[in-house]
Amino acid sequence: MDGPGLRERKKLRTRHTLVETAVRLFERKGFEETTVAEIAAAAEVSTRTFFSYFASKEDVIFFDIRARTDRALAVIADRAPGEPVVDLLRRVAEAIFRGPRGADDEEANHSLEDARLAMRLAAARHQLIMSVPALQARALHLLFDVQIELVEAVERAYAGELDQVEAAAAVGAFVGAAKVAAMACQKRGEPPEAMWAAALRGVEIAALGLGSLGGPGRA
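Okay, so the sequence shown: first residue is 1 according to the numbering used here, each after it adds one.
Source of the hints: derived by calculation from the structure; they are not laboratory data. Fair warning: there could be bad hints in the mix.
[Said to hold, decoys possible] Calculated pairs, DMTMM-like style, for lysine to aspartate or glutamate (alpha carbon to alpha carbon, straight line, at most 25 Å):
#, residue 1, residue 2
1, K11, E58
2, K179, E166
3, K10, E44
4, K10, E38
5, K187, E20
6, K10, E113
7, K57, E38
8, K57, E8
9, K10, E20
10, K179, E155
11, K187, D64
Whenever a hint applies, use it, and build me the whole structure from the sequences.
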């Protein structure tokens, strides 16, 4: 019988196959014109299997958002005593764009595979999101929800040190800098690796204006 590790790897492969198959079909046929049944058939799984991984076609496009958000929340919850918010959010950016550190092999492997798939599909996903109104709306909704989750987590981590406005400003500066820097890089047609590097550089630039917030080691 398959052990837990092998089962998880099989599930990861199936999930990634569904994502890549769906995105390529969306590119060829159009998002609205492609059905879940067609995605499942092209990936050689049942429609029921598709729905065991994703609730909708939209979810396929945003397959890595929940995992990235959970990594960010875990870093924030593990704030070191006295750690300034600027340093904490730098660590959050590292976890989001470069994967978790100190994770067990299975988790680190999954994060690495997710990151590789996201890079391969970066241009196609961006084009789909920018050209399909339903995906644009979903992207904005997810961005808002994720930022609210991060703001609430930062507030908890800095209880008595930062108020809601300060937490929101810090998260907004980091997310905005990373997002816009990455999008500008992508618009120039640069490769995904350059896009992630631009996002991290945007975070570093934003950090220069946040040194006055959170913790005794303010700079």
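Verification of the supplied hints:
1. Simply put, K11 and E58 have alpha-carbon atoms about 20 Å apart, close enough for the 25 Å limit, and the pair holds.
2. Restraint check for K179 and E166: the C-alpha separation of about 20 Å stays at or below 25 Å, so the hint holds.
3. Taking the CA atoms of K10 and E44, the gap is near 14 Å; set against the 25 Å cutoff, the hint holds.
4. Between K10 and E38 the CA atoms are separated by roughly 21 Å; this keeps the pair inside 25 Å, and the hint holds.
5. Using a Cα cut-off of 25 Å, the hinted pair K187 and E20 holds, with the two alpha carbons roughly 22 Å apart.
6. Simply put, K10 and E113 have alpha-carbon atoms about 13 Å apart, close enough for the 25 Å limit, and the pair holds.
7. At roughly 11 Å between alpha-carbon atoms, K57 and E38 fall within 25 Å of each other, so this suggested pair holds.
8. Between K57 and E8, the direct Cα distance comes to roughly 22 Å. Compliance with the 25 Å bound is thereby established for this hinted pair.
9. Annotation: proposed proximity of K10 to E20 holds, straight-line Cα distance about 15 Å (limit 25 Å).
10. As the CA atoms of K179 and E155 are separated by approximately 22 Å, the hinted pair is consistent with the 25 Å bound.
11. Between K187 and D64 the alpha-carbon distance is near 21 Å, which keeps this suggested pair within the 25 Å criterion.
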